[in-house]
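Take a look at the letters that make up each chain.
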Amino acid sequence: MKDKIKIAAGIGVVVAVVVTLILYMIAIDGQDPSAYLLIIIPVIIVLSASYMIWDRIRNMRAGLPQKDERLKKVEYKAAYYGFIAAIWSAVGSNLLSEIIYDEELRGGLVAASVVMVSGLVFIIAYLVLMMKGDVE
Amino acid sequence: MRTRIKELRARYDLTQEDLAKKVGVRRETILFLEKGKYNPSLKLAHDIAKALKTTIDELFIFEDD
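Which chain is which? The protein sequence lines are A and B, in order.
When the first sequence is numbered by my numbering, its final residue is 140 and no position is left out of the sequence of numbers.
When the second sequence is numbered by my numbering, its final residue is 66 and no position is left out of the sequence of numbers.
What the hints contain is simulated information worked out from the structure, not anything from laboratory work.
Each residue gets a CB set at the ideal place from its N, CA and C atoms; glycine is no exception.
Fair warning: there could be bad hints in the mix.
[Stated by the list, open to error] A few chain B residues that face chain A, going by a derived Cβ cut-off under 8 Å, partial list only:
| hint | residue |
| --- | --- |
| 1 | E18 |
| 2 | A21 |
| 3 | K22 |
| 4 | G25 |
| 5 | V26 |
| 6 | R28 |
| 7 | T30 |
| 8 | K36 |
| 9 | K38 |
| 10 | Y39 |
| 11 | N40 |
| 12 | L45 |
[As the list claims (entries may be wrong)] List of simulated lysine-lysine pairs, BS3-like, C-alpha gap at most 27 Å:
| hint | chain 1 | residue 1 | chain 2 | residue 2 |
| --- | --- | --- | --- | --- |
| 13 | A | K76 | B | K22 |
| 14 | A | K136 | B | K44 |
| 15 | B | K54 | A | K71 |
| 16 | A | K6 | B | K44 |
| 17 | A | K77 | B | K22 |
| 18 | A | K71 | B | K23 |
| 19 | B | K38 | B | K51 |
Build the full structure now, drawing on both the sequences and the hints.
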């Protein structure tokens, strides 16, 4: 039951993000083509999260656990990489903005870059470690 | 590290999925164990050895470099 609730919550989050992306695309409506570039990272995160949810459903249907000791280690390690990326992106995004545009980023944009970069690093690390086998 | 999981699994006519169900892990974990790419916890090593009616010593072979 707990596993099903977790999967349902995961699907809910993915649907909410997809709806937000659709609303965002409707709002920009071709005004600024470069604005479409901003959705690349969320799209990668959503696609990867969908794959992770599908993988868990497949295991559950086969009577196997969603998560085992190897996958827990994979999650911990990917979360560690995501955490490091979050710290560096908080510093790096502002620094890059100052170098390229000669102005500081607003707080909201720094928060957005932290979420996007750490999310992307977590997802990529998770998928790579999951397929690599060796978690050490 | 080498393992004899594949050999013993074949002896008892078990698929990777059967063994995974017996010890409560995902099928990929058994696959990576057979390839020697994953070091299991002592508990998992014990459970697999028990499922394959052998000992940890006989199941996992550590080669000196």
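* Sort out which numbered hints this structure fails and list those numbers smallest first. => The structure conflicts with no hint, since it agrees with every one listed earlier.
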